[in-house]
Amino acid sequence: MNGILIRGGRVIDPSRGFDEIADLYLLDGKVEAVGRNFGTPPDAMVLDATGQVVAPGLIDLHVHLREPGQEELETVATGAMAAAAGGFSAVCAMPNTDPVCDNQGVVGFVKAQAQRAGKARVYPIGAISLGQKGQQLAEFGELVGAGAVAVSDDGKPVASSHLMRTALEYARTFGIPVADHCEEPTLAEGGVMHEGIVSTRLGLKGIPAAAEEIMVARDILLAQLTGGHVHLCHISTRGSVELIRRAKEQGIRVTAEACPHHFTLTHEACEGYDTNAKMNPPLREPEDREAIRQALTDGTIDVIATDHAPHHYDAKEREFDDAPNGIVGLETALGLAITELVETGLLDLPGLVARMSTVPARIFGLPGGTLAVGAPADVVVFDPALEWVVRPEQFYSKSRNTPFRGRRLVGRATVTVVRGQVVFQRGC
Amino acid sequence: MTALGKDLIGLEYLSAEQIELILDTAEPFKEVSERPIKKVPALRGKTIVNLFFEASTRTRISFEFAEKRLSADTVNVAAQGSSVQKGETLVDTARNLEAMRIDMVVIRHQSSGAAQFLAQRIRSNVINAGDGKHEHPTQGLLDLLTLRDRFGRIRGLKVAIVGDVLHSRVARSNIWGLLKLGAEVAVCGPATLLPRKIEELGVTVLPRVEDAIQWADALNVLRLQLERMQAGFIPSLREYNRVFGVTTERLARAPKDLVILHPGPMNRGVEIDSDVADGPHSVILPQVTNGVAVRMAVLYLLAGGSPDWAQAAGRGEER
Numbered sequence: 000m001n002g003i004l005i006r007g008g009r010v011i012d013p014s015r016g017f018d019e020i021a022d023l024y025l026l027d028g029k030v031e032a033v034g035r036n037f038g039t040p041p042d043a044m045v046l047d048a049t050g051q052v053v054a055p056g057l058i059d060l061h062v063h064l065r066e067p068g069q070e071e072l073e074t075v076a077t078g079a080m081a082a083a084a085g086g087f088s089a090v091c092a093m094p095n096t097d098p099v100c101d102n103q104g105v106v107g108f109v110k111a112q113a114q115r116a117g118k119a120r121v122y123p124i125g126a127i128s129l130g131q132k133g134q135q136l137a138e139f140g141e142l143v144g145a146g147a148v149a150v151s152d153d154g155k156p157v158a159s160s161h162l163m164r165t166a167l168e169y170a171r172t173f174g175i176p177v178a179d180h181c182e183e184p185t186l187a188e189g190g191v192m193h194e195g196i197v198s199t200r201l202g203l204k205g206i207p208a209a210a211e212e213i214m215v216a217r218d219i220l221l222a223q224l225t226g227g228h229v230h231l232c233h234i235s236t237r238g239s240v241e242l243i244r245r246a247k248e249q250g251i252r253v254t255a256e257a258c259p260h261h262f263t264l265t266h267e268a269c270e271g272y273d274t275n276a277k278m279n280p281p282l283r284e285p286e287d288r289e290a291i292r293q294a295l296t297d298g299t300i301d302v303i304a305t306d307h308a309p310h311h312y313d314a315k316e317r318e319f320d321d322a323p324n325g326i327v328g329l330e331t332a333l334g335l336a337i338t339e340l341v342e343t344g345l346l347d348l349p350g351l352v353a354r355m356s357t358v359p360a361r362i363f364g365l366p367g368g369t370l371a372v373g374a375p376a377d378v379v380v381f382d383p384a385l386e387w388v389v390r391p392e393q394f395y396s397k398s399r400n401t402p403f404r405g406r407r408l409v410g411r412a413t414v415t416v417v418r419g420q421v422v423f424q425r426g427c
Numbered sequence: 000m001t002a003l004g005k006d007l008i009g010l011e012y013l014s015a016e017q018i019e020l021i022l023d024t025a026e027p028f029k030e031v032s033e034r035p036i037k038k039v040p041a042l043r044g045k046t047i048v049n050l051f052f053e054a055s056t057r058t059r060i061s062f063e064f065a066e067k068r069l070s071a072d073t074v075n076v077a078a079q080g081s082s083v084q085k086g087e088t089l090v091d092t093a094r095n096l097e098a099m100r101i102d103m104v105v106i107r108h109q110s111s112g113a114a115q116f117l118a119q120r121i122r123s124n125v126i127n128a129g130d131g132k133h134e135h136p137t138q139g140l141l142d143l144l145t146l147r148d149r150f151g152r153i154r155g156l157k158v159a160i161v162g163d164v165l166h167s168r169v170a171r172s173n174i175w176g177l178l179k180l181g182a183e184v185a186v187c188g189p190a191t192l193l194p195r196k197i198e199e200l201g202v203t204v205l206p207r208v209e210d211a212i213q214w215a216d217a218l219n220v221l222r223l224q225l226e227r228m229q230a231g232f233i234p235s236l237r238e239y240n241r242v243f244g245v246t247t248e249r250l251a252r253a254p255k256d257l258v259i260l261h262p263g264p265m266n267r268g269v270e271i272d273s274d275v276a277d278g279p280h281s282v283i284l285p286q287v288t289n290g291v292a293v294r295m296a297v298l299y300l301l302a303g304g305s306p307d308w309a310q311a312a313g314r315g316e317e318r
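Each protein sequence line maps, in turn, to chains Y and F. Each residue of the first sequence is one higher than the last, beginning at 0 in numbering that gives the first Met the number 0. Each residue of the second sequence is one higher than the last, beginning at 0 in numbering that gives the first Met the number 0.
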């Protein structure tokens, strides 16, 4: 196998505190060398990265790839391609497929589909409960044995505190995190957006911030009780941020993620009943958005994840009450993060790479997130100054549901390398 | 584009001038309904579909009278149940109607935003006859007209909206209309039935109905949907009447005679006592009469009619 030489870029590797103009040489699916002036190895493919950032491939801990079951919305292959186009070398696929990923068969199927696609790596997340019904624990041992990297009933909250407790305890055996979609179901029932002045004006049923915060508080207490690792998905409220901050001060094993839409938009985006602004957790208030941004700066929130949720345009083309939740995010995440967090001075580029690659790898125990010699050759090259306009019709994802159509962003992936293979290269 | 734009979605989206234009245009149309031959040719040749996804008697009949008295051709479509359950989407229903070359759609729908959704997708004029908990603009307009008839003005009036504001599109349309025309507005009801941050719309929140009665010139008493009890918003209808009911005893302690409005249908003995509803200060039936005139005005203006023509239509006899 021939090597790849990525020459002259700003190599940022937060795992080693490395940030220099350097060449990166990949060989046999591994990082062979990082440094300067080691010449051009014979037969190497040379990529010029002058003026660009070379970093460990981005890792998204939270995507919905819809396969098996809803292949008309997305498949593992199209999702993995969209991921690669967004600079992600690996994604973690949530288990709310049909059938639910609650057994080793589905885990194996998703992995096989990912292998066949040969784009971004796909790590399945197994269900916490059989059928995500919130009753009986799934077979974590078999899920992990087949390749699951975490468990979650995402899409549905774990309503039973007993189930959450046992999941956290049992997961310790396998050293995997339990990822929870924090939503107290009786408070959130029937809600279609954030409860506040906009829902009052639009006459839409709101979901109060407390619906999330109650479950964040519960999960923190259960993590403390069990010693298990709880990973809190898509945190959206300032109250949740405060709870997580205090839990971390106490040394409780809690990690958290935030989505680009929650650090970019507010409930104002629902004005005009725009169903592309309908998501769960909902877009919140400006103070919440500000708290999420600060939490990404200070590390209270560990990682940026997309909650990539493909839907057919027909499904969003209806009454707000009846439209499904969620937006696609893989191909806009990096641009939004650079535009909203780096350009505003909240994160520097190493901080950004940490939140989108190094830290996700560490907290889910995944390969990657580093450019240390011998590490997997999973690399992203991105231009942090490239200005572009979001054109959903150009997405690799099968779905187009995004509230960011027409938005000007700064920063975009140009090359994505997975296992030493260029899986995406943006045409100039 | 007409003086109102293409559609009537809500009073939030109209200016004070546009609202006043509708009320002024309604005046000559009131007289049309008093004639032996209740018909003017203003909308002759226009086709209007009344698309009702939710049960309605009063509003549908009122629109239908308004349309017929303007000589429009009308079709009623009662598409009960959500479009999703029906299997056809709202946008498909609308596009099919439009393919039959209609001029206007009057839509009542259980989902907030449905009227706007439709308006953005079809060329016909869309008139919102109530969308979920969002707005019911013609109800707001007929309430304004009724208040103006009674007081001679809206500016400076104190109007308290009492009851289930949370689930009420009537409340929202009244709030926007009254505020735009310079009234002071208070809302009053159990905290379980008041939407979050409602005060940010510019209204005062009065926790007790006694306070509202002390403060207001007029009360707009909202219907209490009986299913709110099962949903746990109030403990019982009996207690609701005891704590929030508009009763003769409570009104007797008011510093002045209050004008009483109710959008109907009433639950007598729950949110309003019969002797209040039937009493001398109730304008509940004048509201219904004004409803036809206001809807005629809206249809007429959206069809491109000018207020001057409305005067002419009001004077002219159908020959």
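By construction, these hints were calculated from the structure, which means they are not laboratory data. It should be emphasised that the depicted structure is a prediction, and the values quoted were computed from it without experimental measurement. The C-beta atom is built at its ideal place from N, Cα and C for all residues, glycine as well. Mixed in with the good hints there might be a few duds.
Chain F is faced by these chain Y residues, among others (derived, beta-carbon under 8 Å) [to be verified]: (1) Phe-17; (2) Leu-201; (3) Gly-205; (4) Leu-220; (5) Glu-267; (6) Gly-271; (7) Asp-321.
With a straight-line Cα cutoff of 27 Å, these simulated BS3-like cross-link-like pairs (lysine-lysine) come out [claimed, not checked]: (8) Y:Lys-204 <-> F:Lys-179; (9) F:Lys-196 <-> Y:Lys-204; (10) Y:Lys-132 <-> Y:Lys-155; (11) F:Lys-255 <-> F:Lys-196; (12) F:Lys-45 <-> F:Lys-5; (13) Y:Lys-155 <-> Y:Lys-110.
To spell it out: a stretch of chain F is covered by chain Y in this simulated footprint if at least three of its residues, at any positions, have a beta carbon under 8 Å from a beta carbon of chain Y; those stretches are [said to hold, decoys possible]: (14) 112-126; (15) 132-143.
Hints, verified against the model:
1. Taken as an interface hint, Y:Phe-17 does not check out: its beta carbon lies about 49 Å from the nearest beta carbon of chain F, beyond 8 Å.
2. Restraint check, Y:Leu-201 versus chain F: the minimum CB separation of about 6 Å is within 8 Å; hint holds.
3. A distance limit of 8 Å between C-beta atoms decides the matter here; for Y:Gly-205 the minimum to chain F is near 7 Å, and the interface restraint holds.
4. At a threshold of 8 Å, the smallest CB-CB gap from Y:Leu-220 to chain F is about 27 Å, leaving the interface hint violated.
5. Hint on Y:Glu-267 is violated. Least Cβ distance to chain F is approximately 13 Å, over the 8 Å limit.
6. Hint on Y:Gly-271 holds. Least Cβ distance to chain F is approximately 7 Å, under the 8 Å limit.
7. Below 8 Å, beta-carbon pairs count as interface contacts, and Y:Asp-321 has one with chain F at about 5 Å; its hint therefore holds.
8. A distance of roughly 25 Å separates the Cα atoms of Y:Lys-204 and F:Lys-179; the hinted pair therefore holds under the 27 Å criterion.
9. Between F:Lys-196 and Y:Lys-204 the alpha-carbon distance is near 13 Å, which keeps this suggested pair within the 27 Å criterion.
10. Taking the CA atoms of Y:Lys-132 and Y:Lys-155, the gap is near 9 Å; set against the 27 Å cutoff, the hint holds.
11. Under the criterion of a C-alpha separation no larger than 27 Å, the hint pairing F:Lys-255 with F:Lys-196 is inconsistent with the structure, at around 30 Å.
12. Pair hint F:Lys-45 plus F:Lys-5 holds up; C-alpha atoms about 15 Å apart against a cutoff of 27 Å.
13. For the hint linking Y:Lys-155 to Y:Lys-110, the alpha-carbon distance of about 23 Å falls within 27 Å, and the restraint holds.
14. With 4 residues carrying a beta carbon less than 8 Å from a beta carbon of chain Y, the stretch 112-126 of chain F meets the three-residue requirement, and the given coverage holds.
15. Counting residues of the stretch 132-143 of chain F whose CB falls under 8 Å from any CB of chain Y gives 3; the rule of at least 3 is met.
Hint check: violations occur at hints 1, 4, 5 and 11; the rest are consistent with the structure.
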